[in-house]
Structure formats: C-alpha cells, structure tokens
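Taken in sequence, the protein lines are chains A and B.
Counting in our numbering, the first sequence runs from 52 upward without gaps.
Counting in our numbering, the second sequence runs from 42 upward without gaps.
Be careful, since some hints might not be right.
Some, not all, of what chain A presents toward chain B, calculated at C-beta under 8 Å [claimed, not checked]:
no. : residue
1   : Lys215
2   : Ala216
3   : Glu258
4   : Ala262
5   : His263
6   : Gly264
7   : His274
8   : Pro360
Now the stretches of chain A that chain B is said to cover, found in silico as 3 or more residues with beta-carbon under 8 Å [claimed, not checked]:
no. : region
9   : 244 to 256
10  : 266 to 273
Using 30 Å as the maximum straight-line C-alpha spacing, the simulated DSBU-like pairs for lysine-lysine come out as follows [as the list claims (entries may be wrong)]:
no. : chain 1 : residue 1 : chain 2 : residue 2
11  : B       : Lys61     : A       : Lys89
12  : B       : Lys471    : A       : Lys181
13  : A       : Lys267    : B       : Lys471
14  : A       : Lys181    : B       : Lys419
15  : B       : Lys112    : B       : Lys74
16  : B       : Lys363    : B       : Lys76
17  : B       : Lys430    : A       : Lys181
No lab work stands behind these hints: they were computed from the structure.
Model, not experiment: these values are computed from the prediction.
The beta carbon of each residue, even a glycine, is placed where N, CA and C say it ideally should be.
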Amino acid sequence: MAGSTLASPSANPAGGAAAAAVSVSPARETWRRFRRHKLAMASTVVLGLLVLGVIVGPWLWPVAINDIDFSAQLQGPSWAHPFGTDDLGQDILARMMYGGRISLAVGLAAMIVATTVGVIIGALAGMSRKYADPVLMWVTDLFLSLPQLPLLLLVIYLFREQLKAVFGVEGGVFVLIVVVIGGLRWMPVARLVRAQFLSLREKEFVEAARAHGATKARQMFNHILPNALGPVIVAATIEVSSAIIAESTLSFLGLGFPPDIPTWGRLLFDAKDQLDTAPHWALFPGAAIFLTVLSINFIGDGLRDALDPRRVI
Amino acid sequence: MTSPILTVSNLTTSFRVEGKWKSVVRNISFDIKPKETLAVVGESGSGKSVTALSIMRLTPPQSSKIEGSIKLNGKELLTLPDADMRHIRGNEIAMIFQEPMTSLNPVLTIGFQIAEALILHRGLSRSEAEAETIRLLEKVRIPAAKSRFHEYPHRFSGGMRQRVMIAMALACKPKLLIADEPTTALDVTIQAQTLELIKTLQEEEGMSVLFITHDMGVVAEIADRTVVMYNGDEVETGATEDIFRNPKKPYTKALISAVPRLGSMIGKERPMRFPVVDRNTGESDVPVEVPDTVKAAERPVLEVAGLTTRFEIRGGLLSSVKGRVHAVENVSFSLMAGETLALVGESGCGKSTTGRSVMRLIEPLAGSVLLDGVDVLKLSQHDLREQRKRMQMIFQDPFASLNPRMNVGTAVAEPLLINNLASRSEARDKVADLLKRVGLQPDMANRFPHEFSGGQRQRICIARALAVEPRLIVADEAVSALDVSVKAQVVNLMLDLQARMGLGYLFISHDMAVVERVSHRVAVMYLGEIVEIGPREAIFQNPQHPYTKRLLAAVPIADPARRLQKRPVSNDEIKSPVRPADYVPPVRQYREVSPGHAVMIWGEEWEKKDPAAIAA
C-alpha cells in the first residue's frame with residue numbers, strides 16, 4: 052500500500068521545528084535524504100564504477116575484442132589478461148567492457164519502456180470509472196497469458212531483417228530487444244499502479260483536492276502519482292535486472308545479438324561448456340550481472356525511502 | 042477491607058527507539074479492588090493503552106521493557122515465565138479492544154470462535170462448549186442467540202460484534218476485564234447499550250474492570266475511581282466524584298472544562314466558545330456567547346430542496362440492480378450566512394452523504410442545491426470548479442485529508458493556484474497569512490503533514506479551506522477525531538472565524554454535546570431523512586420525534602452523580618438504509634411545532650416501543 056511505515060503517528064512538533072528551519076527545494080531535500088541511505092549510496096558508487104568501466108574502459112584497456120590468440124586459450128586471470136581468456140584466446144576483460152555497454156543499455160532502456168507503458172496503462176485504468184478500466188485490464192490479462200518465448204521467436208523472425216535495414220545490425224537488434232522485453236514486461240507495473248490508484252483516489256486528500264476544484268490531471272499528477280511512486284520504483288528496479296537477464300536468455304538461445312557481439316549473457320552462454328576447466332570465463336560476467344542487479348535494487352530502495360517524507364532518514 | 046485484585050506500583054514502560062530507551066509510561070501506581078471499576082483516562086499519547094498492554098505483558102518483548110511491579114492477587118506478573126503468563130491471559134485477565142470490526146476472524150462462525158476459547162482454556166468437550174457459548178451469547182444479550190451461533194462476523198453490526206468480543210472475554214470467568222476504548226468506535230445509542238451491558242455483567246459476574254478511555258463522559262458513567270494520565274505520567278487519582286467535583290491538578294481542570302456537556306446551553310441563544318484553561322496554572326477564562334453572526338435578512342447561502350442520493354447495489358449474472366441504499370431521501374434545508382446548521386445522526390443515517398452531495402463530490406439523484414441562488418447540481422464540470430470557490434469542505438480525518446507527499450505550504454496554496462487567485466509569490470504571502478489566522482506559525486509552511494499533531498493538521502485543513510474565501514464550509518465530523526482539549530480549541534477557532542468572515546457552516550457530527558455548543562440550528566437525520574429540524578434550543582429542550590429523544594438520552598453525561606441510575610436503553614440495532622429495488626419511499630408529512638421547528642409525523646413503528654419493557 053501507499054502508506055509505508057510512518058515515522059510516528061503524532062509528530063513531535065518541537066523536534067520538527069529545528070529540522071525544517073531552513074527552506075530547501077524538494078529535489079535537494081531528496082538528495083540529502085538519499086545520501087544518508089548507506090546501502091543505496093554504496094550501490095550508486097558500484098553502479099557508477101560499472102558504467103564508467105564500460106564507457107571509458109575500452110580506452111584504458113585497448114585490446115581488441117576479437118583478437119584471437121591460440122597460444123593463450125582458456126587461461127586464468129593474469130597480468131596480461133586480468134579476467135583470463137576464452138577458448139579462442141580472446142581477452143575476457145575487453146569483451147566484457149564492450150558487451151557491458153549493450154547489456155546495461157538494454158536493461159535501462161527496457162526498464163524505461165516497461166515502466167512508462169505500465170504506469171500509463173495502470174493510471175488510465177485506475178482513474179477511469181467507466182469502461183476503460185475493464186478493457187485495459189483485459190488487455191493486461193491477455194498479455195500476461197501470451198506464451199512469451201514462442202512469441203519472441205516469431206517477432207524476432209519477422210522483424211529482425213527490417214530493423215537491421217533501418218538501424219544497422221546492432222542498432223536493429225537493440226531496438227527489437229528493448230521493445231520486445233519492455234513490451235512483454237509492463238503488465239505487473241500496470242497492475243500495481245492500477246491497484247494503487249484505486250485505493251488512493253478514494254483518499255480524503257484527493258477528495259479535498261476535488262473539492263478545491265482540481266482537474267482530473269492535477270489530482271492524478273500532484274496527488275495520486277507521487278503517493279503511488281514507492282512501489283513503482285521498486286518494480287522498476289526489478290525490471291532492470293530482469294531485462295538484463297532476459298537479454299541474456301535471448302542471447303543464450305541465440306536469438307539476441309549476433310554471436311560475435313559479446314554481451315554478458317552471450318559470454319555466459321559461451322562459457323557454459325567449459326565450466327569445469329575455465330570457471331573464470333563464466334564467473335566474471337556472472338558477477339557483473341549480479342552486481343548490477345543488486346546495486347540497482349538497493350538504489351531503488353534508497354530512492355523509495357528518500358522520496359517519502361514520512362520516513363525518518 | 043478487601044485486598045485488591047490488581048496492584049500496580051511504579052510501573053514504568055520503555056520502548057527502544059533507534060537504540061535508545063524512551064519511557065512512555067512513568068511511575069504509575071494504582072490498585073483495583075474486587076468488583077470495582079477503575080478508569081484510566083487521558084488524551085492520545087498519554088500512555089493509557091500502553092499501561093493496559095503492560096499489565097497483560099503484550100508489549101513487544103525485544104524492544105520494550107517493563108519495570109516496577111504488577112501483582113494479580115498477590116502474584117507478581119512481571120517475573121512470571123511466559124507459559125504461566127499465557128495462562129493468566131484469558132483465564133484471569135481478559136481484554137477487549139477498540140475495533141470490533143477487525144478483532145473477529147471473518148472466515149469462522151462466531152459460535153466456533155467462542156467455543157474454541159472454551160475448549161482451549163476450560164477443557165470442555167465440543168458439545169459442552171457449544172451449550173456454554175449459547176449461554177454466553179444470551180448473557181451479553183444477543184437476540185436469538187441460538188440461531189446466530191452459526192453466523193459469520195460480517196452478519197453482525199459493530200455493537201453486536203463488541204458484544205461477541207465481550208462474550209469471548211467472559212468465556213473463562215476472568216477476575217479482571219481490561220476494556221481498551223471498547224465504545225469509541227460505536228454510535229452513541231450503541232455505546233450506551235454497551236456501557237450498560239458492561240455494568241450489568243460486572244454485577245452478575247463479580248469481576249473488576251479496568252476501563253481505558255479518552256471520554257470523560259464515559260468515565261462519569263462507569264467508573265468508581267479514576268486515574269488521569271498525561272504524557273505518560275499519572276496526574277491525579279481518586280474517586281470519580283472527587284475528580285469531577287473537585288479536581289486538584291490544573292491538567293485535570295483543563296480536561297474537565299473542555300468536555301462538552303449536554304444541557305450546558307440552556308437559556309443561551311447563540312453558540313458559545315469553550316472555556317480555555319491554562320494547563321499549568323489551572324486558571325480559566327469565562328466563555329462568552331459569540332456575537333450574532335446570522336445574516337437573517339439576506340437570502341440564504343445554501344438552499345437545499347428535495348435532495349436524494351441513492352447507491353445501487355448490483356449483483357447476479359447480468360449485474361442487475363438488486364437493491365438500493367437510500368442514503369439521502371428527500372432532504373431539504375437552508376442555511377444563512379454566518380449560521381451553523383448541524384446535521385446529526387448515527388452512522389449510516391446519510392449525514393456525510395448529504396454533505397458530499399451538497400459539495401457534489403457525489404452525484405445526487407434528484408433535488409436542487411442552490412448556493413447563492415446558483416443550482417450547483419446543474420453546473421457543467423467547468424462551472425462547478427468555478428463555483429467550488431464558494432464552498433469548501435473540512436474532513437473528519439486530519440491524517441488522511443492532507444497529501445503526505447506535499448508540504449503544508451504547497452497544500453494550503455493549492456486551491457489558490459488551481460483557481461488562479463494568486464501568482465506563486467502572492468500565494469506564499471497569502472499562505473503565511475492563512476497559517477497565522479488559524480493559529481500556526483508561517484514558517485511551518487515548509488514542513489510535511491506527518492510532522493504535525495492531529496489538531497494542528499485540522500488547523501491546516503481549515504486554512505486550506507479558507508484560502509479561497511468561501512461562503513460555506515461543510516465540516517464533516519471535523520472535530521470528531523480530535524482529543525477533547527484540541528477539540529475545544531478547534532471549535533473555538535471555527536467560531537472566531539465565523540464571527541470574522543461570516544461563514545456559513547454545515548456542521549456534520551454525531552457528537553450531540555459539541556453540536557449543542559456550536560450550532561444555531563439542528564437537523565436530526567435518521568435513515569436518510571430529516572426527522573426533525575429546528576433552532577438548537579427547541580431541538581435540545583423540546584425534542585418531539587422519538588428518535589431525537591432516544592439520541593439525546595444516549596449521550597453520556599459527564600456527571601458521576603447520575604452513574605448509579607439505570608437508564609432505559611433498548612437493545613435495538615441501527616437499521617440499515619438498504620432497500621429492495623422496487624421500494625418506493627413513503628411521502629412524509631411534517632408538523633410545525635413552533636416557528637422554524639418542524640418534525641416528521643412518525644408512523645406506528647415508533648409507537649410500539651415501551652421503554653420500560655426493553656430496558657434489559
């Protein structure tokens with residue numbers, strides 16, 4: 052529910068006076084509160100390092116990702132190859148930095164698509180008092196009941212070539228994957244938002260806003276949406292992780308990016324046959340996915356708390 | 042001399058908050074003798090419920106500690122092992138809670154739930170337990186106990202559920218019953234029934250009662266002795282008569298003077314402020330009648346005629362109309378500028394729906410609502426927004442009616458910005474002015490609602506409603522959720538604002554004593570209809586309709602001298618306004634008692650009631 056745990060039902064007026072003596076903008080205040088959330092701050096640093104690594108890393112570690120060296124097959128970590136090499140003697144660090152750009156971009160973009168679609172549909176359904184609600188929820192149920200993998204196969208088979216022609220090989224697959232993952236994962240968000248809206252729109256403060264003459268849009272954006280945001284943020288952060296993993300699944304099945312583009316999921320797929328002889332091959336990309344997912348979840352928790360003025364941070 | 046059942050000495054309960062121990066109850070001492078009723082009274086946050094939980098040792102074990110001594114029949118409870126304590130709970134001390142709606146399991150029949158307790162605690166067989174359960178249900182005066190054994194909790198009204206809870210508490214013949222605000226969530230007539238029941242049962246069973254409440258009226262009705270608590274400390278202890286006649290501490294004086302008393306307004310024409318008593322010195326000012334604010338010569342601000350609101354209950358395969366809730370049925374009244382019209386009645390009588398229909402937050406089915414001569418019900422959405430500047434609403438729950446994510450300044454400024462009455466910088470000045478006007482500091486604008494107490498929040502809501510300079514304010518139970526002293530302050534504020542700004546109030550309340558204090562005229566509602574309307578004095582001194590009389594008789598009086606009198610209270614439940622789909626409401630006739638005082642001519646369903654036969 053929107054009402055997460057309250058700091059105290061009756062506030063201490065004396066204590067609050069000192070804390071809020073200076074006027075600060077809401078964004079500043081949120082940032083101040085976010086900074087106090089230790090786990091979220093640590094996660095922000097970790098995620099920042101990962102992003103920085105995949106962006107500037109290739110310049111600092113200028114090893115070609117397709118530099119085949121048969122004299123150094125499946126080597127463990129060493130100074131020459133910090134993350135070891137794969138079965139073709141390619142440097143895993145270089146490949147991970149290159150692939151990480153795609154994995155992270157897919158994760159974030161798919162999250163944005165899924166959350167935006169989910170919030171819009173959920174909000175429309177939650178605000179409507181007539182036919183939009185049942186219709187939109189039928190659509191949501193329909194999407195939930197679609198068999199996802201066969202559908203993915205079909206969509207990729209049908210549209211890969213056209214998109215490649217427009218956006219290029221990598222760009223085309225990127226758009227396709229983001230749309231497919233985002234388009235098949237908005238339903239939980241929509242359900243969540245609708246449920247929040249249904250309960251919040253009956254709250255007295257929304258009724259008070261109506262009594263003041265607030266338009267529907269104002270009720271929605273100023274009163275209902277901010278209070279529904281907490282669960283949405285958490286759902287969105289989970290969405291990032293599941294999108295990265297979904298991309299991995301697609302790459303694993305050979306449906307994602309072409310096999311020569313080493314996304315983190317693809318690296319895992321390639322490493323699976325050599326797990327007993329070269330575990331490092333799977334461990335490093337696995338750890339990267341793990342760290343990304345974990346830090347994004349913690350950041351989500353921190354954001355949710357920082358945005359809720361009732362929580363004492 | 043009889044030795045006390047329960048002796049509490051130097052009870053101090055602390056909770057761990059962010060690693061530090063914070064004491065919530067400090068050095069409380071009292072004892073309860075056999076068959077005695079002790080009331081612990083205090084405002085919210087005074088630690089009265091924590092005291093009760095400490096006696097039962099129901100505070101969370103990891104994050105709380107209880108010090109001092111609690112002796113039940115000479116046996117120390119605080120050092121008892123958990124297993125023995127479990128035996129004490131239920132067997133020797135039973136407890137009933139405030140919220141009867143949530144304290145019964147909705148998927149089990151009530152008979153099963155009571156029988157379960159009997160089987161567990163008293164080791165009865167199932168058939169014995171069922172027979173005993175029926176006996177208990179009869180004991181708490183549930184009509185047709187045998188046939189209701191197999192019914193589920195949702196079939197019971199709030200008052201009946203509280204009776205079931207009492208039956209459950211009595212199951213093991215406890216020596217001590219702890220009642221934590223058992224009547225707070227109930228309507229006045231039901232509250233009167235429940236209090237009467239607890240008194241009778243106490244005599245029959247010979248148990249002691251620890252009664253926790255915030256309501257001085259209830260205390261006067263039920264308690265032999267009273268402990269007054271404030272902010273975790275014991276302020277005053279003594280016989281209830283002494284506390285009321287001769288309060289020693291300033292706080293007790295302040296508390297008692299803030300209690301609205303029914304009948305205190307005899308001979309007064311206009312509303313009166315509550316006396317303000319200084320909590321530290323105990324000195325009181327003398328309240329005066331407010332100046333005459335009613336602009337009787339002008340056209341009424343609000344004229345409501347034939348207002349009808351019904352809700353359809355749909356069901357079945359094709360969701361056809363199975364019945365209708367006749368929430369508001371042919372209601373007509375008018376309200377002058379500067380006048381307060383109170384709508385009173387019990388839950389489900391349609392008073393809130395009337396208020397919301399007037400505001401058009403709910404679309405009424407028929408009727409007209411003229412605000413300064415403009416029919417609100419015929420306006421388009423756009424014109425309605427325009428018209429809403431002239432009428433505003435204050436809600437019951439000050440915790441729910443402010444957006445928790447919006448700071449106070451933004452919340453108060455919102456109506457100004459929505460209606461384009463001010464630019465952002467003008468709004469800031471206006472907000473500061475409004476906050477000052479309701480007795481808050483302008484620099485509080487940056488704080489969030491959760492940083493304020495209930496009374497302060499209600500002031501914020503009033504400031505927000507005043508922002509657009511309305512002519513009419515619909516106050517829907519605006520002071521019902523507040524503590525007595527805060528209630529008095531907010532009522533005083535509303536009266537001051539009425540005098541200054543000439544506001545018309547539609548004051549919706551179930552609290553007859555407050556209504557008597559604030560209103561010029563009163564309308565009594567029953568099952569969606571106004572049964573009696575008239576000047577305040579006429580309604581309170583010369584009630585005509587049987588329902589008005591019953592309502593007035595049920596109000597607890599803060600006068601302990603009346604405690605031993607038996608009051609005739611019926612065991613009736615409040616009837617439901619749900620009607621079958623083909624129900625045609627009867628045409629009502631009104632009779633004029635005196636100028637402005639009209640009463641509905643009632644049918645014979647009211648005549649059959651003989652108060653003596655149903656005193657129970």
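Now for the hints, and whether the structure bears them out:
no.	hint	verdict
1	Lys215	violated, 45 Å
2	Ala216	violated, 47 Å
3	Glu258	holds, 6 Å
4	Ala262	holds, 5 Å
5	His263	holds, 4 Å
6	Gly264	holds, 4 Å
7	His274	holds, 5 Å
8	Pro360	holds, 4 Å
9	244 to 256	holds (count 3)
10	266 to 273	holds (count 3)
11	B:Lys61 with A:Lys89	holds, 21 Å
12	B:Lys471 with A:Lys181	violated, 39 Å
13	A:Lys267 with B:Lys471	holds, 25 Å
14	A:Lys181 with B:Lys419	holds, 21 Å
15	B:Lys112 with B:Lys74	holds, 12 Å
16	B:Lys363 with B:Lys76	violated, 51 Å
17	B:Lys430 with A:Lys181	holds, 28 Å
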